[in-house]
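Plus 423 on top of the position in the sequence shown (first one is 1) and you've got the working numbering.
FYI, nobody ran anything at the bench for these hints, they're computed from the structure. Just so you know, these numbers come straight off a predicted model, no measurement behind them. Backbone N, C-alpha and C fix where the C-beta goes; we use that ideal spot for every residue, glycine too. Careful, some of the hints might be misleading.
Below are the PhoX-like pairs computed for lysine-lysine, each with C-alpha atoms no more than 20 Å apart in a straight line [claimed, not checked]:
| # | residue 1 | residue 2 |
| --- | --- | --- |
| 1 | K516 | K527 |
| 2 | K494 | K516 |
| 3 | K523 | K494 |
| 4 | K487 | K516 |
Just the calculated beta-carbon pair ranges, DEER-fashion [to be verified]:
| # | residue 1 | residue 2 | range |
| --- | --- | --- | --- |
| 5 | N519 | H458 | 30 to 36 Å |
| 6 | D521 | P459 | 27 to 33 Å |
| 7 | G455 | N519 | 21 to 27 Å |
| 8 | P459 | G509 | 15 to 21 Å |
| 9 | C503 | E460 | 19 to 25 Å |
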Amino acid sequence: MRPYFGAAGRWACGEDERALKEVNVLELDARGLMHPEPLERSVQMLRMLGESNLFHLIIHRYPKPLLMIAKEHGVSFEVCGSDEDGWHILFAKNSNIDLKDFIKRYCSV
């Protein structure tokens, strides 16, 4: 499986007036990449995060070090999945983006 790295498009946000009307989604499919490439690419994507986008990572292993880095830098995240099926993780700098709502697009949580 080839890793995918790029932008995936836009999603409409909820009606909350504090929330953004559109959110750009940065995508990285890191399944199959060898260590340390998933972490390196993911950190690059975290650096690209702004107020109007989020980062969707698909990865084959639970990325505890990446989640610790995100937390240290004030980036919120939501995780779903398993080691068997892969992990979907959404990251956002904007606390008004409802990641729990967005993650439902990838997993039934």
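Each hint tested on the structure:
no.: 1; hint: K516 <-> K527; in the structure: holds (19 Å)
no.: 2; hint: K494 <-> K516; in the structure: holds (10 Å)
no.: 3; hint: K523 <-> K494; in the structure: holds (17 Å)
no.: 4; hint: K487 <-> K516; in the structure: holds (18 Å)
no.: 5; hint: N519 <-> H458: 30 to 36 Å; in the structure: holds (34 Å)
no.: 6; hint: D521 <-> P459: 27 to 33 Å; in the structure: holds (31 Å)
no.: 7; hint: G455 <-> N519: 21 to 27 Å; in the structure: violated (34 Å)
no.: 8; hint: P459 <-> G509: 15 to 21 Å; in the structure: holds (19 Å)
no.: 9; hint: C503 <-> E460: 19 to 25 Å; in the structure: holds (23 Å)
Consistency note: the structure conflicts with earlier hint 7 alone.
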